[in-house]
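Let chain A serve as the given structure and place chain B on it in line with the hints.
2 protein chains.
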Amino acid sequence: MSASHRYCVIMCGGIGSRFWPYSRTDKPKQFIDFFGTGRSLLQMSYDRILPLVPAENILVVTNERYVDLVREQLPEVSPEQILAEPDRRNTAPCIAWAAYHIAAKDPEASMIVTPSDHLITREPLFEECVLRGFEFVESNDALLTLGIEPTRPETGYGYIQIGREIEPGLLKVKTFTEKPDREIAQVFVDSGEFFWNAGIFLWTAKTIKNALHKYVSDLAGEFDKGIGVFGTPMEQEFIKTHFPACPSISIDFAVMEKADNVYVECAGFGWNDLGTWGSLYDNSPKNLAANVTQKCNVIAYNSSGNIFMAPDNKLVVVSGLKDFIVADAADVLLICPKDEEQKIRQMVNDVQQRFDDKFL
Amino acid sequence: MSASHRYCVIMCGGIGSRFWPYSRTDKPKQFIDFFGTGRSLLQMSYDRILPLVPAENILVVTNERYVDLVREQLPEVSPEQILAEPDRRNTAPCIAWAAYHIAAKDPEASMIVTPSDHLITREPLFEECVLRGFEFVESNDALLTLGIEPTRPETGYGYIQIGREIEPGLLKVKTFTEKPDREIAQVFVDSGEFFWNAGIFLWTAKTIKNALHKYVSDLAGEFDKGIGVFGTPMEQEFIKTHFPACPSISIDFAVMEKADNVYVECAGFGWNDLGTWGSLYDNSPKNLAANVTQKCNVIAYNSSGNIFMAPDNKLVVVSGLKDFIVADAADVLLICPKDEEQKIRQMVNDVQQRFDDKFL
Numbered sequence: 001m002s003a004s005h006r007y008c009v010i011m012c013g014g015i016g017s018r019f020w021p022y023s024r025t026d027k028p029k030q031f032i033d034f035f036g037t038g039r040s041l042l043q044m045s046y047d048r049i050l051p052l053v054p055a056e057n058i059l060v061v062t063n064e065r066y067v068d069l070v071r072e073q074l075p076e077v078s079p080e081q082i083l084a085e086p087d088r089r090n091t092a093p094c095i096a097w098a099a100y101h102i103a104a105k106d107p108e109a110s111m112i113v114t115p116s117d118h119l120i121t122r123e124p125l126f127e128e129c130v131l132r133g134f135e136f137v138e139s140n141d142a143l144l145t146l147g148i149e150p151t152r153p154e155t156g157y158g159y160i161q162i163g164r165e166i167e168p169g170l171l172k173v174k175t176f177t178e179k180p181d182r183e184i185a186q187v188f189v190d191s192g193e194f195f196w197n198a199g200i201f202l203w204t205a206k207t208i209k210n211a212l213h214k215y216v217s218d219l220a221g222e223f224d225k226g227i228g229v230f231g232t233p234m235e236q237e238f239i240k241t242h243f244p245a246c247p248s249i250s251i252d253f254a255v256m257e258k259a260d261n262v263y264v265e266c267a268g269f270g271w272n273d274l275g276t277w278g279s280l281y282d283n284s285p286k287n288l289a290a291n292v293t294q295k296c297n298v299i300a301y302n303s304s305g306n307i308f309m310a311p312d313n314k315l316v317v318v319s320g321l322k323d324f325i326v327a328d329a330a331d332v333l334l335i336c337p338k339d340e341e342q343k344i345r346q347m348v349n350d351v352q353q354r355f356d357d358k359f360l
Numbered sequence: 001m002s003a004s005h006r007y008c009v010i011m012c013g014g015i016g017s018r019f020w021p022y023s024r025t026d027k028p029k030q031f032i033d034f035f036g037t038g039r040s041l042l043q044m045s046y047d048r049i050l051p052l053v054p055a056e057n058i059l060v061v062t063n064e065r066y067v068d069l070v071r072e073q074l075p076e077v078s079p080e081q082i083l084a085e086p087d088r089r090n091t092a093p094c095i096a097w098a099a100y101h102i103a104a105k106d107p108e109a110s111m112i113v114t115p116s117d118h119l120i121t122r123e124p125l126f127e128e129c130v131l132r133g134f135e136f137v138e139s140n141d142a143l144l145t146l147g148i149e150p151t152r153p154e155t156g157y158g159y160i161q162i163g164r165e166i167e168p169g170l171l172k173v174k175t176f177t178e179k180p181d182r183e184i185a186q187v188f189v190d191s192g193e194f195f196w197n198a199g200i201f202l203w204t205a206k207t208i209k210n211a212l213h214k215y216v217s218d219l220a221g222e223f224d225k226g227i228g229v230f231g232t233p234m235e236q237e238f239i240k241t242h243f244p245a246c247p248s249i250s251i252d253f254a255v256m257e258k259a260d261n262v263y264v265e266c267a268g269f270g271w272n273d274l275g276t277w278g279s280l281y282d283n284s285p286k287n288l289a290a291n292v293t294q295k296c297n298v299i300a301y302n303s304s305g306n307i308f309m310a311p312d313n314k315l316v317v318v319s320g321l322k323d324f325i326v327a328d329a330a331d332v333l334l335i336c337p338k339d340e341e342q343k344i345r346q347m348v349n350d351v352q353q354r355f356d357d358k359f360l
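Protein chains in written order, with my numbering: chain A, 1 to 360; chain B, 1 to 360.
The shape of chain A in the complex, shown without the other chains:
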């Protein structure tokens, strides 16, 4: 099938609260230049997909409060390519809307759905993998997810157990498992049968619409009410009314874990969901003392295993700090042991209790 039928949906509506205080409600992590390269994670996601899909076929789905940020960071994306959600409703409604929107424009469309806030390395392998994935879903009635070969017993990720091989590197999915404990994660990694679920999906608009009807009929029913308005000037008005009525569920839970035409493509590119400070640490180059420094200048004495993030040109001088997150975000300074990063959500709640939205 020609590339002109290929679409990309960049999901860009998250608030990334686990990356507070860098990720803020008015500028979540996907809009941040995390690596000091001059491009935000969203921009990197866009750059990555541009060689694979016609520019005018790239859609960005975001919350309406972030539309201005998207337009600022991606001025080459036209207003019609931005789908503004009036409410936060997890990935299934987001993907459903995009699928209905795309299907209305092009009934033969195939699409890749990708988060905007992950890190992908070894990009040539990503391109290869995505092109092959498009070909597979365009010639099979398949819901395809990309699986990453695990390099450590990560407990923060979802795992995919592989089943029968269809062709080399393309297999049926046997099971999905969310966030296993350390012991089970180790068994998964050792078995060679489990891959990380990268949350990157490929399918045709027709296949995902069918699956939505079959497995989340209330959600599909909500969007069916809009048949005829997608792709027209009435679409946004329709969404304003009907989107908030959608159930808030993930596409994994709504469809992937239930459907029987789910496949995984084993991907060789490097991937990190940048879900937490710890994953940013794990994925960043370290100096001799195993410290990670983002952007700022650091002089560290008797300190190791830390991740430092501070405004450009700030100097951080530390002594006697082991395995900490030090995140200085202009108006907020967070100092927290790396192994307590799951408490950051609670801290954010405590901050809200005391200061309302001032520091969020």
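Since the hints were derived computationally from the structure, they do not count as laboratory data.
In this text, all values refer to a predicted model and were calculated from it rather than measured experimentally.
Mixed in with the good hints, there may be bad ones.
Which copy? The list can't say, so a pair holds if one copy fits it or any two copies do.
As the list claims (entries may be wrong) - Result set (SDA-like, lysine to any residue): computed pairs, CA atoms no more than 25 Å apart in a straight line:
{"hint": "1", "residue 1": "295", "residue 2": "356"}
{"hint": "2", "residue 1": "286", "residue 2": "228"}
{"hint": "3", "residue 1": "286", "residue 2": "153"}
{"hint": "4", "residue 1": "358", "residue 2": "297"}
{"hint": "5", "residue 1": "206", "residue 2": "69"}
{"hint": "6", "residue 1": "338", "residue 2": "323"}
{"hint": "7", "residue 1": "295", "residue 2": "115"}
Below, chain B alone, put in the same frame as chain A:
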């Protein structure tokens, strides 16, 4: 003697490097509003002395690079009351210049010499003590230092051993001891015979000039070359040439430890030299977890014994930090165990090696 012959010399030329990164070469600690009261340490020193000495008799001796800061912070002090040192030369040359300057204006002058970067509490007791000190030195050929009753075995201070009592609370000094180790400091405290040397001195201009001639004749000789120019428009020109030739020594070493007419007045006011972050911690009110918070908002989990200092309105969120200094000074963040604070000087050197004067 009438108060019109009483003078005050506020020494204000230090750079306070142990309080880096708050104390900076372009704005040392005496110019900082450390306690968030709206007045800097220098301003607090001025306020404290104002009821005791005629305003026009208060001199501020500082480095020429800080003259603008002094004028900004003390607009009520006229330019003629500011003595601008062209070089850093410790306390003896500073005090010698002030003594020659005052003696030229008023041969009958008595004077109090005080640092500008210490904290004094229970100020009514300070006033009482200073007034009594003036009376003593005006009627005795005495070099008087104020001694503070020690409340802990502080190893960072100088100690004064008391000798024969002249009148209640006014005694001959037996010995001076600089910075004893912990064990000896404890013996000092337990003995009841030792007082902290607050570095606040009272004497007449005549008595200190005599002592300078007797114990540091090279220094006195340098200033004797200027007899006739002090208090005239040529004074600053003379100082520009001759001040840099002065030996860099402290008044304690140059005079106090050698002279035999040295007395101590036992003072009941609260005093802290704010020499280090630890002394600021010791001297500040603590919350239930024994954390000290200067100005900023702090939410602390599982953290105790820390001192936090950050820009106004910054939020600091910490977990798992015990007995640390966390000093966020806009362009520099220092995180350092309290018991390593003596390493801050070395850190400052390291910063200079890498960044020249950028962060100093």
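key: Hint numbers contradicted by this structure   = Hint check: 2 and 5 fail, others pass.
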